[in-house]
Amino acid sequence: MSWNKVAVVGAGLIKFGELFEQSYEQMAAGAFDAALANVDKGLDRRSIDAAIVATQRGTLWGQEGIGGNTVPSALGLSGIPCTRVENACPTGSDAFRIGAMVVASGVHDVVLVIGVEKMRDKSAQEGLLARAASGHPLYNRGETAPVLFAPFATRHMHEFGTTPEMLAAVAVKNHHNGCLDPYAHFQNEITVDQVLASAPVCRPLRLLDCCPQTDGAAAVILTTAERAHEFTDKPVFVAGFGVATDHPYLHEKSTFVGLPATTAAAERAYAMAGVGPGNIDMAEVHDCFTITEILDIEDLGFVDKGKGGPASLEGETALDGRLPVNPSGGLLAKGHPIGATGIAQLTECWWQLREEAGDRQVAIRQGYALQHNVGGRGSGVAVVNILTRNRT
Amino acid sequence: MVEDAAPVSTPGVTTAVAVLGVGAAAPSLRLAASDVAGAWGSGGGRGTVAVCDSDEDTLTLAWQAAVRALEAAGVEATALSGLWWGTTRPPFAEGPSHAFLSTALGLDAGATGMLCAGSPHAGMEALLAAWDALAAGHARIALVIASDALVPGAGTAGESTTGAGAAAFVLGALDPAGSSGNGSGAPARLVARATRVMAAVDRYRGDAERATGDVYDGRLFREEVFVPLLAAAGRALGAGEQGGPGVGWAIADPDGKLAPAVAKRLGGALVSSTIQATLGDTASAAALLGAIQGCADAEPPAVVGLIAYGGGRATAVSLEVGRAVPGAGDVVATVGDGRRVSYVQAIRARGQLEPMSDPIPMGVPPAGAAFVRGNVEMLAFEGARCRTCGVISTPPSIHPRCTGCGGGELDVVRLARAGKVQTFVVNQTMPPPFQAPLPMVVIDLDDGARIMVQGSSVDADDLAIDDRVTLALRLYATERGIPVYGYKAFRMTATGGTPEMSGTSGAIGGSADGAGGGGR
Chain Z
1 MSWNKVAVVG AGLIKFGELF EQSYEQMAAG AFDAALANVD KGLDRRSIDA
51 AIVATQRGTL WGQEGIGGNT VPSALGLSGI PCTRVENACP TGSDAFRIGA
101 MVVASGVHDV VLVIGVEKMR DKSAQEGLLA RAASGHPLYN RGETAPVLFA
151 PFATRHMHEF GTTPEMLAAV AVKNHHNGCL DPYAHFQNEI TVDQVLASAP
201 VCRPLRLLDC CPQTDGAAAV ILTTAERAHE FTDKPVFVAG FGVATDHPYL
251 HEKSTFVGLP ATTAAAERAY AMAGVGPGNI DMAEVHDCFT ITEILDIEDL
301 GFVDKGKGGP ASLEGETALD GRLPVNPSGG LLAKGHPIGA TGIAQLTECW
351 WQLREEAGDR QVAIRQGYAL QHNVGGRGSG VAVVNILTRN RT
Chain A
393 MVEDAAPVST PGVTTAVAVL GVGAAAPSLR LAASDVAGAW GSGGGRGTVA
443 VCDSDEDTLT LAWQAAVRAL EAAGVEATAL SGLWWGTTRP PFAEGPSHAF
493 LSTALGLDAG ATGMLCAGSP HAGMEALLAA WDALAAGHAR IALVIASDAL
543 VPGAGTAGES TTGAGAAAFV LGALDPAGSS GNGSGAPARL VARATRVMAA
593 VDRYRGDAER ATGDVYDGRL FREEVFVPLL AAAGRALGAG EQGGPGVGWA
643 IADPDGKLAP AVAKRLGGAL VSSTIQATLG DTASAAALLG AIQGCADAEP
693 PAVVGLIAYG GGRATAVSLE VGRAVPGAGD VVATVGDGRR VSYVQAIRAR
743 GQLEPMSDPI PMGVPPAGAA FVRGNVEMLA FEGARCRTCG VISTPPSIHP
793 RCTGCGGGEL DVVRLARAGK VQTFVVNQTM PPPFQAPLPM VVIDLDDGAR
843 IMVQGSSVDA DDLAIDDRVT LALRLYATER GIPVYGYKAF RMTATGGTPE
893 MSGTSGAIGG SADGAGGGGR
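First to last, the sequence lines map onto chains Z and A. Under my numbering, residues 1 to 392 are what the first sequence spells out, in order. Under my numbering, residues 393 to 912 are what the second sequence spells out, in order.
Accuracy of the hints is not assured; some may be wrong.
What the hints assert, rightly or not - Just some of the chain A residues that point at chain Z, by a computed CB distance under 8 Å: (1) Val756; (2) Gly766; (3) Met770; (4) Pro787; (5) Asn819; (6) Leu830; (7) Val845; (8) Ser849; (9) Val850.
Since the hints were derived computationally from the structure, they do not count as laboratory data. Using N, Cα and C, we set each Cβ at its ideal position, and we do this for glycine too.
Looking at chain Z on its own, in the form it has when it is part of the complex (with noise of 0.2 Å):
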């Protein structure tokens, strides 16, 4: 038995890209009105009574101060109570299970949430340095973003076999689907020996295992399960959540192949939803870099552990797969916004479990989305949001 108390009744983002042309304001403006133009039966913009907003690092990409007024203003409501969350990587994901709470509390109705992130605002290398540069001052030095991550790889390696190739193939096939997103920051395709070949960053790591650094925006609006046909007759439901934490540095982790706060958040949100991973019928996971992805459809209890690699190198992972996963390019190639990759990878699962999604649709047999972010330090925090198309 799902939790199914909140709906949500429209979904839209921006184009994923270096947006140097665009503010964050005018990006924030942009997936909202992209969200409201996709509520099938309309909804006036005056009609949010609260929003709550995504942003990760504003004080590290030039939005320094951003609290819960800029986007409300941005997007013409001022005077509406609004919240900004931030929870590492996870922060679009988490805003959305908060969303949904407040939906549910019923002290609002109509919540928007909307994810926003300038990534390029800054250079390249003080988005890469930023990372080095934090934590504690010395024991820390040196771990930028691939470092929190590549460890895994490593390990993961020399205990279960795994491989460039396999590793390669994630990429490879996230690529593939990004070609079919119009909203993907990459559109190419690239092939296995591209990635193998591609420039050294964090070895085991090369540079196409790697997330771009992208802007863009998202948004979702919430409501209630007995409101939501006002706005839409094939509205999505909240089936269940699940949040998780673990200790926030690399060698506090208990294990370099897996990540525990994903497993923990996944048991949290099957159990909300009343469904086990048999039940999922695609999912966007959090793939901001190969090996993440790999990591992810083994703690969310897709595959075996150990069997990520050659499941995705098998293609069980693939649109046409046993279980597709991230068809909408995911991380590597729709791009890292991150306080918005979260509700544009809900937007996907909203798209793919109405059927809406093109050229990169999946098979939807049972109804339910499966969409997860991990990150922050030592990829401590996991959130899981599992969507149904289903009433009961």
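Given chain Z, work out where chain A should sit, using these hints.
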């Protein structure tokens, strides 16, 4: 002239002290003098000099030599009365150089000591000051370190002879009333000393100048200043006289010619020539490093005469070797090897060749509160051990509670400095101030703690899971003009350690519970 001056201190009135152990360290790079000559379009140049890699400096060399000396002497850092450190140019011209080194070595927070600087005589001054403290009864066991990693001015005569290195002596007071009243039980004893002064400008460096200038006339100074002054100091010891004990001389030597000339003038063998040929002029460390070589080569009983010079002062010290000096025999193995680099690589490593772009500032400035909190626990290499479950959480400042059981009763402990690679990565592209390749290594330490620290770029191609590694203090970066230090992991070879890293396993001075106050 100086040669006729009467000795101020004579062997008869000097209180002897014991040498309990010694250690040496050299940086990891070697530069051929011929490459220096070639860079400036001239021919010639013989031998090599030792050059610091970008993560080495006088402080990291001093640390390494001291760790080895303490291990050789079998002395815990917490047992030391103090640290006497001599270096021409401390890493902070004005600042906490001594406190950083003392903390990293694990001396008690109440330990005494001194930082001597300002000329290559500084290493000798540290030795004399420690000796005085022991003789006065103000110290029982003293750690003396002489280290230098001078940056010679580009194109100066000193460029092809200036090396780098460090020597450490663990000294102990002799108990006049005890059974070893004359110190005959000690491996070696410092027994006599003499200083001579002549105010003359030779090498110099002004405020804010990176490199050492060198404009004196070499032949003039050798004939009129150096040889007479050093020989006078040596002669004042009374050693080398007809019928005296055989003396081997360890003499600081800026150009490879002075020491043989002084030794010839005094009579006796030159024992410092091997070290000199390997490392070049190690300035403050030269006489002490030479003496370690002398101890290694000596057939006891023997006498080694140390002569240091710098800033217009020459001091000679007489060291009586009664038996094998712990640590001395390792000197060639520990400082002999290095990686040969080109002239361009060497001056880049020394910071004399920098990219035009400004390094991107780090998030935590070295003067910030977070840095102050983090720096001490990094230098002291501390963890927080849970009284309930025994798990060690690192570092203590970010762990008010145990990462294992959530318990709140934690004791600050010093971590083991060796362990096994759990997993690792190699950053292969990094903007300044970092230099790629930069491994980051997750290590299961021998005491059960787990940490992640930077690895050595040298190991980038060979590092593997389950490799044994040791940790050594290195210069992480110079951030906003301030040197930043931390430990780096070094892969141990099948034979038990890299030449530069052997003998560094084990805890720093053992457990030092309460060194940083109890955990909360």
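Each hint tested on the structure:
1. Val756: holds, 4 Å
2. Gly766: holds, 4 Å
3. Met770: holds, 4 Å
4. Pro787: holds, 6 Å
5. Asn819: holds, 5 Å
6. Leu830: holds, 6 Å
7. Val845: For valine 845 of chain A, the interface hint holds, since the closest Cβ of chain Z sits about 7 Å away, which is under 8 Å.
8. Ser849: With a minimum Cβ separation of about 11 Å from chain Z (threshold 8 Å), the hint on serine 849 of chain A is violated.
9. Val850: At 15 Å from the nearest chain Z Cβ, valine 850 of chain A fails the 8 Å test, so the hint is violated.
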